[in-house]
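Student: Chain by chain, the residues:
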Amino acid sequence: MAGAAWHARRTMLYTRPQLKLLLALAAIFLVGLAVREWRAGFPAAADRLERFDREDVPPATPLIARPPAPPPQPRADHGVAAQPPGAPSADPPLVVRVAKSPPPAAPLDLNSASADELARLPGVGLGLAQRILDERTRRGRFESPEALRHVLGLGPKKLAAIRDLVTVVDAP
Amino acid sequence: MSLQAAPLLPLSAAFAGGIVAASWVAPGPVAAIGLAAMLLALAAAALAGGLDRLAMVLLVFTVAALGLLRAASPHLPADHISRLTLGRGATIEGRLVEEPLRWAPDRTRLVLEVEAVREGFEHRSANGRIQVTVYGEMDPLAEGQRIALEPRLHPPTGFRNPDVFDYAAQLRRDGILLVGSARADRVTVLGADAPRWPVRVKRWAVATIGRWLPESSAALLAGLLLGERSALPREIDEAFRRAGVYHILAVSGFNIALLASSVFLSLSLLGVPRRLTAVVAGIVVVGFACVVGGQPSVLRATVMGLLLLLGVLLERESQLMNALALAGLALLVWNPTDAREPGFQLSFAATLGIVYLTPGATASLGAHGWPRWLAAAVAVSLGAQLAVMPVMLVHFNQLSIIGVAANLAVVPLAGAVTTIGMLALLVAAASEAAAGLLFEVLWLLLVGLRAVVWAAAAVPAAMIHVPAPTWGAVAAWYGVLALLPYVRALPWARGVAAGLLVLVSALSVWPWLKPHDGKLRVTFLDVGQGDAAFVEVPGGPRLLIDGGPGGARRFDVGERVLAPFLWNRAVTRLDVVGLSHDDLDHAGGLPAILRHFRIGEFWEGGRWHPGSEEVLAALARSRIPRRVLNEGERLWMGDALVRVLNPDGRTPASPNDDSLVLRLDWRGISLLLTGDLGWPGEARVLRSGAALRALVLKVGHHGSRFSSTEAFLGAVQARMAVISVGARNSFRHPTPEALARLEAAGARVYRTDRDGAVIVESDGVKLWVTRWARGTTDVFDLDGERPVDARP
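Chains as they are written, first to last, in this note's numbering: chain L, 1 to 172; chain H, 173 to 964.
No wet-lab data here; the hints were simulated from the structure. In this text the structure is predicted, and so the values were computed from the model without any measurement. Check the hints yourself; a few may be wrong.
[Unchecked claim] A few chain L residues that face chain H, going by a derived Cβ cut-off under 7 angstroms, partial list only:
#, residue
1, LEU21
2, ALA24
3, VAL35
4, ALA45
5, LEU49
6, ALA119
7, PRO122
Here a beta-carbon is modelled for each residue, glycine too, at the ideal position from N, C-alpha and C.
Build the full structure now, drawing on both the sequences and the hints.
Tutor: This is the structure in structure tokens:
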């Protein structure tokens with residue numbers, strides 16, 4: 001066996017299998033060095049590569065506005081027909097594009113808002129707005145929007161819905 | 173492959189058979205003990221009489237009877253938590269048996285091993301497991317910590333729908349007989365977070381990986397090395413499923429074999445004696461199993477690995493099949509309910525397929541001139557895939573087309589990642605700088621692995637969803653596989669295998685070819701607190717109105733309930749998916765439906781509110797044509813006419829009162845689907861003067877007292893009212909007020925919280941309403957509109 005013959009020579013430090021393993025380890029570390037250099041040099045490309053199979057983050061803008069109502073259109077595909085079956089129609093598929101509403105203006109300061117302003121928040125009516133004001137009077141001021149949790153009728157769901165639309169400005 | 177080489181296989185198979193049989197034939201313990209004793213006595217008599225062969229057969233049956241006995245539900249001790257009567261305000265003390273699962277910042281799920289119960293000054297010991305969801309913000313807890321809480325407990329119910337996985341049964345298998353909820357401010361921490369060493373090692377490993385790799389790659393490596401998949405992004409998770417290579421994300425024989433052989437190889441190269449090497453490898457394997465936890469696949473691989481190492485130690489040749497049989501027997505004796513766990517079945521089926529089918533397949537591929545290494549790789553991949561196919565179909569409806577090919581590329585890459593990953597963690601314990609270089613290599617390999625998987629998953633029809641096969645088809649398929657090694661040599665085996673294959677094909681395509689029964693069928697699915705109704709119109713059109721609750725980081729009804737329900741009906745295409753309004757108990761499950769099904773068009777009322785961005789994004793991604801519906805529109809679905817009664821698109825209204833209200837008419841049968849319409853909306857629909865009279869009413873807003881006003885119910889005059897509502901929901905739906913008004917209006921009420929799925933069927937002459945969970949059907953004659961009989 002060649003390995004044994006090599007080993008027999010005094011100059012040989014490693015057996016053949018040991019050499020293979022050491023070479024493989026050296027190669028791995030070399031590749032590691034190269035990758036580190038590349039990632040440091042081209043961070044944007046590396047980041048794109050890292051995220052290549054991820055879906056884009058959904059748009060943060062909620063759609064609140066109702067789109068202009070389309071005129072009722074007859075359609076025959078997908079088994080859905082606006083006329084009794086047997087009256088074919090060849091209209092192209094109707095794709096309704098929903099307009100994005102502009103992002104909300106500056107968040108509402110909970111400690112200075114009026115009942116009317118509060119009632120304009122989604123899911124908040126005049127009654128709830130009044131209870132928010134009562135809670136503000138009771139506490140003095142809201143330390144954070146999360147404190148709204150203590151208002152009767154403002155559950156986690158509703159709070160999540162308005163969380164980005166309200167803020168608390170630090171006391172002067 | 174002969175049975176002499178695996179003497180344990182028949183015993184193991186008989187024991188497993190007994191356990192499985194226990195769910196159909198459930199004899200009392202006395203009868204089962206009597207049966208086993210009788211078989212044993214007969215076997216002894218046969219042995220004494222010199223009938224060794226008969227004694228052997230009887231022995232196998234005795235073992236099957238033992239399996240039956242083992243599977244019988246155990247007697248619960250008197251202090252088991254489910255046998256105690258607890259007053260309100262009782263405090264339960266216990267230890268967390270798994271890491272808390274955080275669904276949302278204010279919702280955490282704990283699994284607790286109960287130790288004691290305290291009521292007032294009375295303190296008594298108790299045991300058993302409970303699963304508690306804690307509402308409210310809570311300090312972080314960790315596995316092993318002792319806590320006290322005040323939960324409200326009840327037996328688990330799950331979602332009771334036709335052909336859908338039974339969540340309550342799975343909890344029972346995990347030993348959880350009670351579930352409940354508690355408030356975060358009533359949770360007291362009794363002990364500091366002082367985990368045992370395996371937990372500490374695992375946390376350190378996950379943290380180290382997270383320090384060196386970017387998010388997605390780190391999550392993938394944690395899955396590959398430690399089976400820790402909780403941080404894996406949904407897209408990557410789904411790509412691995414679609415490509416048919418999900419098994420590499422579970423710790424299995426693959427990891428154990430790589431670990432043991434790496435240790436073995438490196439120690440041998442260092443000149444350590446062979447026996448000592450085997451002992452060290454055994455210790456490492458056991459340590460690794462402790463760290464990654466006790467899933468069936470880990471235990472199986474550990475038992476088999478230790479047996480192989482024992483073979484080295486004793487210088488005996490090991491029989492893989494026998495080792496597999498022993499592992500199966502040991503696991504089932506320890507925990508018989510494992511036999512129904514998908515993880516157990518997948519692990520054993522795959523190993524059995526590899527051990528049994530690979531030698532023959534390699535030989536025949538080699539005979540066709542394939543290179544040896546390629547033949548072996550393909551044979552392993554093929555053997556595993558063929559064997560796990562029925563398991564994947566029964567539990568997940570998934571048929572992987574690309575799996576065999578994808579595994580050829582993925583397994584070597586995953587092997588390299590696993591080996592270097594283990595090395596990197598080992599090095600990281602000593603020197604973080606050197607480990608950093610290894611993690612750079614790992615990043616490259618992980619991105620490559622993801623690219624291969626992504627490409628395989630992107631192939632059209634890489635994975636298709638089909639109805640779960642019947643028991644007959646599964647048995648016939650395994651019959652074919654059992655005969656495969658003999659088909660070249662034995663003509664009769666060839667004939668039988670061909671016959672069975674024809675039978676399997678016929679049974680599998682039947683659900684697709686089955687003619688429609690010509691009935692209108694509306695299934696109000698049990699989705700907990702939320703709505704989802706599936707409408708099948710004779711002649712083909714199928715609508716799904718609302719998708720139940722769901723979304724990321726919570727129980728996704730779309731993924732776990734609706735999709736399997738539809739797949740098991742051989743539905744892969746929906747003509748219409750409608751959304752009454754965008755509240756998450758109606759819309760949350762829809763993203764999964766949009767991903768998994770081909771959909772003709774999407775119906776909506778057109779108003780969206782903050783909180784449903786995820787649904788909107790999924791809708792945009794799916795590129796399904798959207799149709800915004802307004803009052804007065806009429807659409808034909810086959811022979812059925814759908815009329816839109818709400819919204820009118822002008823009146824400003826609350827989200828609920830903006831609900832899409834649809835009326836469906838087919839041969840004199842009319843159905844009113846009202847979404848979450850409240851009283852202002854009902855008043856508006858009444859004012860609009862639309863025809864409201866309907867036979868079946870889907871009651872508005874889960875039976876809230878602000879819906880179903882007398883005036884509205886009077887105009888509808890429904891004979892049957894269906895309330896889609898979750899048991900013990902926090903809104904206290906359905907309310908007594910709404911129920912009283914429905915009763916006064918003369919409607920027969922069906923509720924998904926008590927009746928499970930409610931299925932309304934009609935052929936135009938009669939109408940059947942089935943309460944799925946109760947297994948009863950009411951029959952109505954449509955002329956008299958009153959029940960003619962109620963059959964069980």
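Student: To test your reading of the hints: which numbers does this structure violate?
Tutor: 2, 4, 6
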